[in-house]
Amino acid sequence: MYGGGNIFEPSNHNDVLNEDPVKLQEFEARIERGEKIEPSDWMPKLYRKQLIRMIEQHAHSEIIGALPEGTWITRAPGFKRKLALMAKVQDEVGHAQLLYSAAETLGKSREDMISDLINGKSKYSNIFNYPAYTWADSCFISWLVDAGAIVNQVANSKGSYGPYCRALERICIEESFHLKYGHHCVIHLATGTPKQRQMMQEAVDRWWAPMMHFFGPSDKISVHTEILMKWKVKMASNDDCRQQFLDMYVPKIWELGLTVPDTNLKKNEETGMWEFTEPDWEEFKRVINGDGPCNEERLAVRRMAEERGQWVRNALKSADMKYVTPLA
Amino acid sequence: MDSLDPRIQRLNFPKWEKDLEKNHLDQLETYEVFVQTKEGKPYQHEGVVHASNSDMAFLFAKEQFGRRYTCTGMWIARSSDVSVSQTTEADKSVYDFVEASANSDQLESCEVFHLYKRGKQHRHVGAVQAANYEHALSESKKTIDEQKTVYNVWVIKSSDLLKSAEEDKVIWSTLPEKQFRDAIAYKGADKIKEFKEKQANS
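Sequence order for the protein chains is A and B.
Numbering-wise (numbering that gives the first Met the number 0), the first sequence opens with residue 0 and increments by one.
Numbering-wise (numbering that gives the first Met the number 0), the second sequence opens with residue 0 and increments by one.
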């Protein structure tokens, strides 16, 4: 589960000017023709750097994203919901494995990626720094956070880097169940007793702001973004993803008699665009930089898993092992 | 640190004192996974797992790649045991650059995998008897379909591949009793309709 709002590294035009012009031209022509770039192909340094960063953030988001839902497995209402939620959480962790491998083909080891996550140097999707207070929060995540992630992932699966696209295709197919399961859970609460309805409404109220943040701030048009778009690293702007999400899901929220806590939210029939109150980007920045309600807990849980599993990995290590970059 | 989750609360996490740096090979080696999705179909490269040996890799791979889709067989090879050819462009095939070579050394079985299209996965095409990787390419060249451009070739010694056993087929029948993982198991339209009617009438 991952939204837009990728934090790309700042770069300047020189990064590209220093590249071999002939190779760069061949590389761009390949992307132009719609062909994929494979790990063994030549690629500009900037392309490699930004892709590693993007895929790595995506992988971390899958791992951390499993935590707020994972805590609800033991308290899920009924055996069927437990089975489904367990399967969903397992899928998310599996997605992280697929994505770490895709990033690894670009030359960053999984050790380094995990170190950067647990030491707070890497980012992950901001929305998972918020707590899931009730079962209804977990239902909101399963339906709408996954829906948002699918909007972003479907766009990215048409990108230029082969291993990332292949991982995303698999991820998108697996997530179609998450979306339906999540919707089913929300329908159950929203059409249920007044108490259930109230619980669902409160979850929507709590999660709406983080959901709007999920796609990231408006992209500034810069040379930088233009290159990422041209190289098919970034496939859709944050605003496009947000609009697509609103268009697909706001009517589905409304039809359940739920309200969205933004009185300005409406579709402008003339432009076809959704209008809404500008999200609080100061809060977004504050939380992504570590000061959210759950940042500390999320990383502490990961660090504990690392520390407690260390002896097992040490026992499995043998002297004749050698690392090679995975192939595809 | 206060958590909503009582189990996390009970863990009473120690204070974050220093960064944890993972050591080299902490995540062990990588293994390439090949999957057969249906009886009779060729094995196809599906992805990578980290593990300490091929048995453990098989266990992880079965969970990772055999969990949600039909799967009838799985092969595992250490990434470092895969010999990778050059990658060709446009209408050039890898085999255009392979010269015939004879070799009378000890021969052994080698599995050959072809990449027919960029962006797709390597597919198993068969096995040849060869003395080394180079010889395997020249042996494989004798059997290829000239109509198809091969952009990349992987060769793996059969003895380096862990293959799922024929008599263990039953391990792949994990799907029918787990329909709760299918989107189709979740139907809500009737409930929404009923709800809307009730709203309209009240």
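A couple of the hints might just be wrong.
[Said to hold, decoys possible] Label pairs and their calculated CB-CB ranges:
#1 A/L82 <-> B/Q105: 46 to 56 Å
#2 A/T324 <-> B/K195: 50 to 60 Å
#3 A/I72 <-> B/A89: 21 to 31 Å
#4 A/G271 <-> B/T173: 51 to 61 Å
#5 B/H23 <-> A/D19: 25 to 35 Å
#6 A/E268 <-> B/A89: 48 to 58 Å
#7 B/T69 <-> A/T224: 38 to 48 Å
#8 A/G191 <-> B/H23: 31 to 41 Å
#9 A/T324 <-> B/D144: 44 to 54 Å
#10 A/D19 <-> B/K119: 46 to 56 Å
#11 B/K119 <-> A/L82: 30 to 40 Å
Hints listed in this document are in silico derivations from the structure and should not be mistaken for laboratory results.
Heads up, the beta-carbon is just placed ideally off N, CA and C, and yes, glycines get one too.
Quick rundown of the hints versus the structure:
1. A/L82 <-> B/Q105: 46 to 56 Å: At 53 Å between Cβs, range holds.
2. A/T324 <-> B/K195: 50 to 60 Å: For B/K195 against A/T324, whose Cβ atoms are near 55 Å apart, the range 50 to 60 Å holds.
3. A/I72 <-> B/A89: 21 to 31 Å: violated (52 Å)
4. A/G271 <-> B/T173: 51 to 61 Å: violated (45 Å)
5. B/H23 <-> A/D19: 25 to 35 Å: The hint (25 to 35 Å, Cβ to Cβ) holds, given that B/H23 and A/D19 are roughly 31 Å apart.
6. A/E268 <-> B/A89: 48 to 58 Å: holds (49 Å)
7. B/T69 <-> A/T224: 38 to 48 Å: Because 41 Å falls inside the window, the suggested range holds.
8. A/G191 <-> B/H23: 31 to 41 Å: Because 54 Å falls outside the window, the suggested range is violated.
9. A/T324 <-> B/D144: 44 to 54 Å: Roughly 31 Å apart at Cβ, these two residues miss the hinted range, so it is violated.
10. A/D19 <-> B/K119: 46 to 56 Å: Taking Cβ atoms as reference, A/D19 and B/K119 lie about 28 Å apart, which means the hint is violated.
11. B/K119 <-> A/L82: 30 to 40 Å: Hint holds: Cβ distance 34 Å, inside 30 to 40 Å.
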